[in-house]
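Since the structure of chain A is already known, use the hints to place chain B on it.
Residue-level listing of the chains:
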Amino acid sequence: MSQEPRLVEVRKNLLKENDVNARALRQRFHEAGVFVVSLVSSPGAGKTTLLEQTLTLLRPRHRVAALVGDLATENDCARLARSGAPVRQITTGTVCHLEAAMVQRGLEGWKLDELDFLFVENVGNLVCPASYDLGESLRFVAVSVTEGEDKPLKYPTIFNTADVALITKIDLAEAVGFDPAAALASVQAVRPGMKVFQVSAKTGQGMTDYLELLETGLLAARGGAVAGRSG
Amino acid sequence: MHELSIALSLVDVAQEEADRLGARVCTLHLRVGALAGVVPEALLASYEMASAGTPLEGSRLAIEEVPVVVFCPSCEVQRQLSSLQSFCCPECGTPTPQIERGRELVLVGLEIEQ
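Those protein sequences? They're chains A and B, same order as listed. Following my numbering, the numbering of the first sequence begins with 1 at its first residue and continues without gaps. Following my numbering, the numbering of the second sequence begins with 1 at its first residue and continues without gaps.
Bound conformation, chain A alone:
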């Protein structure tokens, strides 16, 4: 006998599986004492160049490694390996973002407690990565000066899942007519109080403050409780 449909209350987060995996990763990173930093941006914003410089500059003082997401190639991995740091590629195929489970698989066989910093470079995309927690301690969102000052206004969601914003290729600002003040205003409009660093991996401009933020983060993570992200 058929009855009228009835409504049953359910409360299930659709990304529960990813959230569970991300929580497990965060706990594992905390126990190993590794500070995990992820990087999201649109394609071509300069993530790989920035990361290559970051690894090179941190390596004399810290044990660093990187996981890098890419749709199809291993080119980024080869570039980052030039820094001398251990680097592993996560090739996502057609998947447009990294998920916590991919990071878990990417880490297989690595001894996390032998690391100070682990960097995770997401697939170039400012939309999809916003929904997925990767267990990181700090998430950067990067936009380059060639993308225009209003980029944050177009992608408010990703700016609200990241902790710190980076404006990359700042050495080109004048050449492309980029107005840093307008860009900073855009960031503040979608995320009041967000910290922003203006950097050039090529000339080194702004890199000192940016590296200092990373090292402060590492110290805080080593000294405190599980680094939670506000995002």
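Honestly, the hints are just simulated from the structure, not real lab data. Since no wrong hints were added, every one of them can be taken at face value.
If you anchor each label on the Cβ, the simulated ranges turn out as follows: (1) A:A78 with B:A62: 47 to 53 Å; (2) B:I63 with A:A24: 28 to 34 Å; (3) A:V20 with B:S74: 33 to 39 Å.
On a predicted model such as this, the values are computed, not experimentally measured, just so you know. Ideal Cβ positions, reconstructed from N, Cα and C, are used throughout, including at glycine.
Coordinates of chain B only, in the frame set by chain A:
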């Protein structure tokens, strides 16, 4: 376009509940926040694909879109944002990053037939 992977996850979660209830699902009620990073239209289209060939085939998605609600530190109350491009209190203009609602991506209910 990550709505397909979210739709696949939705099918898993809903089917698990339906099995537990021993019932057939006709409608799935979702709550999707404006900051969830999900486009409702894309999710609807993806759900049709994701549910095809499963016991959920033919079921309907009812999506309630949740606006962003922030806490205004000056007024000391929650306020609904008037624009995602302007995180400030719509009454007094104080900027605020404190998001109270709008990140939800939740299956809240199932309409079932026994």
